[in-house]
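**Q** Spelled out, the chains give:
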Amino acid sequence: MLRVSDLSIEYTTEQAVLPAVRDVSLDLANGESLGIVGESGSGKSTLVMGALRYLPANGRVVAGSVHLKDQDLGELSAADLRRVWGGQVGIVYQNPLGALNPSMTVGRQLREVATWHLNMNKRQGDNLAREMLTKVSMPDPDSVLKRYPHQLSGGMLQRCIIAMALMTRPALLVMDEPTTALDVTTQAVVLDLIEELKAEFDAAILYITHDLGVVARICDRIAVMYAGEVVEIATTRELFARPRHPYSLRLLGCIPHFDLGPQKRSLLTIPGTIPRVNDLPPGCVFAPRCTFAHEQCLAASPPLVDIGAGRSSACLRWAEVPDLIDVAHSETDVLGRRSEEVPGTADLLVTADVCVDFKASGRSLEWRRHKGRVRAVGGVSAFLKLGQTLGVVGESGSGKTTFARAIIGLTERSDGSVRLRGHELAPGLEARSPQAVRDMSMVFQNPDASLNPRHTVGQAVGRPLSLFRRLRGKALEGEIERLLHVVQLPSDYRGRYPGELSGGEKQRVAIARACAADPAIVLCDEPLSALDVSVQGALMNLLMRLQSQMGTSFLFISHDLSAVQHMSDWIAVMYLGKIMELGPTAEVMRPPFHPYTEALLSAVPVADPDAVQEGIRLSGAVPSATHVPPGCRFHPRCPRCLGDQCRVEEPPWRAVAATHWVYCHILPEELASNQFGIREGHAASQREET
Amino acid sequence: MTRRGASAGPTPGLCARASRGDPEWNTDRGWQTQVEAQGRQGKVSGGDVRGVRLYWCRLARRPAALVGTVVFLTIVLLAAIGPTISPYPPNEQDAEAPLEAPSGRHFFGTDQFGRDVFSRVLSGARGVVTVSGLGTAMAVAIGVFSGLFAGYQRGVRSEIITRVYDLLLCIPSLLLAMVLIASVGPSKVNIVLVVGILYTPNVGRVVRSVVLDLKSKEFVEAAKARKERRGYILFREILPNTLGPLMVESAMRFSYSIFLVASLGFLGLGVQPPASDWGLMVSDARDFLQLAPWMLLFPSAAIAALVIATNLMSDGLRQITAPAGSAG
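Protein sequences, first through last, are from chains A and B.
Under the working numbering, the very last position in the first sequence is 690; numbers go up by exactly one each time.
Under the working numbering, the very last position in the second sequence is 328; numbers go up by exactly one each time.
Treat the hints as calculated values from the structure; they're not laboratory data.
SDA-like mimics (lysine to any residue), calculated; alpha carbons at most 20 Å apart, straight line:
1) B:K224 x A:A520
2) B:K227 x A:A431
3) B:K224 x A:E430
4) B:K227 x A:S466
5) B:K215 x B:K227
6) B:K224 x A:A431
7) B:K224 x A:F468
8) A:K359 x A:T626
9) B:K215 x A:Q445
10) A:K135 x A:L191
Label-pair distances were calculated between CB atoms; the ranges are:
11) B:Q153 x A:S414: 16 to 24 Å
12) B:Q153 x A:R83: 51 to 59 Å
13) A:P629 x B:T321: 49 to 57 Å
14) A:L298 x B:W56: 36 to 44 Å
15) A:S414 x B:R157: 24 to 32 Å
16) B:V156 x A:L667: 51 to 59 Å
Quick partial rundown of chain B residues pointing at chain A, CB under 8 Å, derived from the structure:
17) K217
18) E218
19) F219
20) E221
21) A222
22) K224
23) A225
24) R226
Just so you know, even glycine gets a beta-carbon here, dropped at the ideal spot from N, CA and C.
With the hints as extra help, turn the sequences into a complete structure.
**A** This is the structure we're talking about:
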């Protein structure tokens, strides 16, 4: 139905012409879903948008052709192309709020599609809009039609956009990272929806993403892209079972799997960096980073060849690409033992009932009801042991960032205590002792904003050294170099500015800066979220190595459950300002769970098409801290809500084991009896055997 | 098979291939994607050219800004070396040759006292450039300090500073300048002070807006977490980041202050005769407009040239320092 042949797309920029996509050929049959997977810079969005001839002013297709239903898109006039876009192609973008006109109601925008492309009148358009919203399981479609985009949550908006895209019953549905901006539980609901609609609408789907877990669920076939070329095409099952290109192999190895063993293993990494598109290597584009490269690989670029059974690979040595398990076993090492209950391990940091209130601004009726304050963190009691990692998982609005800021003193807590080595820490930084200030540092989420664009790397890393350790001159330089070495950056990076570094490198500098003064605790606030998959893996390895070498304790905050369980000794699951479950990683990941943990485990996309997850879905959207429900704050969405008890009474903090607590009314035995968490497929059990 | 290896596009000489029109990088989705992509994985750098060479490259591609910069520098140079190259002392009267048309002897003609207009324009340049320059420098100094504090602190003091800015900006600048000069008397020092006070709010606002933007960034939070003193955060962390917009605003203020100083001179509130102030020369020339139009023409042209040149230069500065991406 969609045939892309030898497509090449270039961008013209001030400095050079960038060959963003080179020689890509793809086929998509009716009703099939093809996932296009790649990291940033791989050209996946460019490929799809270019195939549809929807490029920005400086992009153009320089070679190849695209046939949609046997019609050559390159030969169409602008008007015809617009008709094709509207009538036969539906696009769902990453940012739902940006894809809708903020000044028009949702209903009007949906109606517009009907009146423009389907030649309906207003009433018919409205009816169709309502019908589509019902199809995407929107609660109360009539009221949604009357609302403006900013009044709806992300998940609802994305559903509206999917409804809009499917209104014309397009032959091709393009989805460009539609769930990346959504919370995990919302993402699961939207993915469910996409699966249902696949069956009903019989549209061919092009699904662009970097998340292999999502692709494992949704797509029949997968095309892996690297630096503007397609390196492998295979069915989902085949790709995960036995990838036939070294890049796909390594990409799969970078993903942390749900591994409940006692050892912390490092992840596979891909050495080197993605080549700049205007500075490509001769020969195979992956060769400089490939561990199996031969001379022939460096000579000429291998074309994508059919290797039988509908698979293609762009590797000359595809037949010899080893099994992931073997590579993982030989190239990763054990970085430590996951400490469960190690008797005598001191509690380095203890928080008791920490609350953080924010003064609400504005004078609307709502605020007055809450007496002018919003409780972002409502009584969190946790602990961090020496040399260990506490992982904090939660979705947006759970208060995890605020909690970390309250610990370090950037945000003043309103109540509760934080004790470091037994000494109480003041709520604000001014009152803390220099030693306490030095003992804690933070790594932030956004690598671009973490470093001062006008300070060199050396200045950034050197400041804590000169401030806390009073190093000057030669000693200072030597220590800066040592730190750069520890985070695996070459020493000539000292004179570079952040603008010259990649995201992963910037984050390494931020980690070096955080560790410079030898802190006891490093608080990592979503340090990996803004980075690519392979870079995430490398940084997780770095953090784990740092911990085993320097004995630093980490507070690792993330919404990504797989990363957290990979790195942490202890896990705390937060929801709406309170901890729902706290315990050693292995125990938290095994039943009995708190119902919220259970829902998270059901929702997280696992990069394994054979994995079985419970199909628990939470209704409603993630609430905000302005409207904390009474009783158990999770009760409106809890699939196991007991009724009045949960609605009225706050649950007890129940000990399931010596160091494992669950904040729920339901007895642990009852929970354990009907929960099973994630059961991974064949490949994973093989891995555990080695 | 597509081309590979060395970039598909040529990179000859200092500036790579010229592009059609002037792609605004900020709005260019394609480039943004590439920069972001390369930002997350590979190196960001704008390409093969970076740093000062990059700015030079961009300047060369903008003829208006180039012209403006060249004219500006020429005038400043002439102002500096004026006295040494003027053919006649500016105040030397020649009773034999009043109101002479431009000729080989007097390039710009003479005025009613026989003074050489060319020499007067040259010496006037010195006055204008010095007074405007010092006034702008003062405005920048006060504006930076007040802007930093107004942006960083939340509270009564910063509110007051901001409202004072608003107040000064509300009143028409020429009017305010006239009132101030009339009350303290026209002298070079007073004019410098007035220019400084008048243009502080503009600079202060620009600095304040940058501070407001940067205040919530993580590198400032990291500094706070190290319990750095406020002075360190303002001057070592935030201030270096304000330099771009600050440079642009300073150039603009310079342009405005030239015009202001010339206007004051025109109204008789600038330096007093017999000093050769451009504005004063224009004012004097009004009476002789029909007899000796060159008396009006050349000083006016000089004012216009300097103002426009500085404007073009500041516009160019804004364009070459604005693009997204590399800070280095």
